[in-house]
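**Q** Each residue of the first sequence is one higher than the last, beginning at 1 in the numbering used here.
Simulated from the structure, these hints should not be mistaken for laboratory data.
Quantities reported herein were computed from a predicted structural model and do not represent experimental measurements.
Don't take every hint at face value.
Derived DSS-like pairs: lysine-lysine, alpha-carbon spacing no greater than 30 Å straight-line [as the list claims (entries may be wrong)]:
1. LYS319 to LYS354
2. LYS374 to LYS311
3. LYS487 to LYS452
4. LYS374 to LYS422
5. LYS354 to LYS419
6. LYS269 to LYS319
7. LYS412 to LYS374
8. LYS606 to LYS634
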Amino acid sequence: MKKQKLFLSPPTLSSPLLTILRLISSPFTTTSTAIAAAIANSERSEDDEASLSSPLVIAENDLLRASHKTQHGLHVLDLVDAGALEPTSVIYSSIIKRCTQLQKLKAGKIVHAHFLNSRLKGDVFFHNSIINMYCKCGSLEDAHKAFDEMPSRDMVSWTALITGYAQSDRPREALELFPRMLRLDLRPNGFTFASLFKACGAFSDDETGKQIHGVCIKYGCDLDVYVGSALLDMYARHGNMNEACLIFEHLDSKNEVSWNALIAGHARKEDAETALKLFCDMQRNGFGATHFTYSSIFSACAGIGALEQGKWVHAHMVKSGQKLTAFVGNTILDMYAKSGSIGDARKVFDRLDKRDIVSWNSMLTACAHHGLGKEAVSIFEEMRRIGIQPNQITFLCVLTACSHGGLLREGKHYFEMMKKYKLEPEVEHYVTIVDLLGRSGFLDQARDFIRKMPIEPNAAVWGALLGACRMHKNAELGQYAAERVFKLDPNDAGPCVLLYNIYATAGRWNNAARVRKMMKERGMKKEPACSWVELENSVHMFVANDDSHPEIKEIYTMWEHINGKIKEAGYKPDTEYVFLHADEQEREAKLQYHSEKIALAFALTKMPRGATIRIMKNIRMCRDCHSAIKYVSKVMGREIVVRDTNRFHHFSNGSCSCNDYW
DNA sequence: CTAGGGTTAG
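Please model the entire structure based on the sequences and the hints provided.
**A** In structure tokens:
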């Protein structure tokens, strides 16, 4: 055989890129086809480099002939170069397949280049696997180039590229290809549509998806499970659950994936009730819950803080013998943390065999939400000690934890530390520092910090300063910050309410009135406040001043009783923030029926003595409710946990875990 | 040779 010249420099010898041949003494009988098959069938391993070694059998003599010996073995292409193997398309094709499986872009490129330098032609199948290899290895640029340069393209070539863009979160480019493909009279199939719908799911609007849905029906592909799951997932992502359910009902056959897509859709909408119902239906229909199912369900429970239901599903999973992977474990951890059970969250974290970066970030977030600054710091230090690389989110979590825990020095220190990890702080990181300085009362420092920012401050940055101004009752700086927020984000009612409160507190009623007028003119509305509690596997929701609950009389009676008792104990209604220009009595009346108070009264009429009461709320708690609940925890001898949009408050014996700092 | 579903921040 004639020795060929390598057209690229051979791979680094210390790190063999492709199949490694192991030295064992048995006769050399391997034909190129057998080798190729062995390469393709060699087992996958979790360890990247080791997995490249394949159990090829080759005689010592032939290896010696093949001269490019390395510490670990030989590169199969070196064998080709050395003339020990006759290169065929089958060999190239098998190696490309292997590179695809192992996501080895560099190796794939070398093989591709090597092939192009050979005299072999390669059919459309081969070129399609090249496109696929580049797509799966994450280089869409190379994939597109190979697509452009191949001798001729069929429907699969187009589909492979569309799929590549769809899977790489580049939906525009995926969809652009579709009409071009149709113009060439190529018939799309289910593979094509599945990828197109995945791409459409990334858009905020429905239109393109609906149009392609029509085309799909025309080609008779819409009842296929793959296409159907992609379709229903797309509608679910656009929030159209009715259409998603309809498609699900009409599927020819259902499988785990279609069930999971539907459940995930409801979970995304925080509709834990429907998600849980489907979870049961799925199993009644003979489909076992998978890791996908469990993650969606836990995340739905986390969304509304449904601790009891989350616990039930956790038990279900343990009984079913499912292995606890990091992915699902992270969602369980998050579920416990967001349901107020920080202790259970920590237990799950400690029991995870393999933690990934999300596990660490989730645990840090849990600490941040519960005001456990010191714990967050120690977890972060543990992470560094054992050499886990923090990412941008990690820093955001630990900075937030410092901010909520009042750890000023540590927060500044970690912000500086980002550089050491070669992470550029993003605007969100600046927000946490403004928040940290502002909460600690260093308002001027916070303002100077914003001035010196190397990137343009956004509404969130000024919003953090505004929040701090409200906390520390600084009307001048508050007004300054608010003006900037209004410019950058004119439609958010939140900052207006903050500024109104600042003026109201300062007794500047004229200014306050102007803010109200502005809100009216712009048609801005406060989000209606609501609170909910979980009771025996169902969730009870309350809106302020709403008396639609069937037991509302008992609830109000209970609140009157509580109100009397806490007043005796020293509670004074804090009316200064009430969004109403009214006399004292009216203002007090308005406060009485804040939704968390109603929810608390309800829980007190229903929950057994000694049971912790957990209340969730869709906006931040007001100062008056915070003060009232502190008294309730003392007078009634109850542990009360309240989750607002910002964090958790654990009330016990008259005080709160946030130390009135939130 | 080409396809669908799940987690962390603000």
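**Q** If a hint holds in the structure, say so; if it does not, say that too.
**A** Verification of the supplied hints:
no., hint, verdict
1, LYS319 to LYS354, "holds (21 Å)"
2, LYS374 to LYS311, "holds (28 Å)"
3, LYS487 to LYS452, "holds (20 Å)"
4, LYS374 to LYS422, "holds (25 Å)"
5, LYS354 to LYS419, "holds (28 Å)"
6, LYS269 to LYS319, "holds (28 Å)"
7, LYS412 to LYS374, "holds (15 Å)"
8, LYS606 to LYS634, "holds (19 Å)"
The structure meets every hint from the earlier list without exception.
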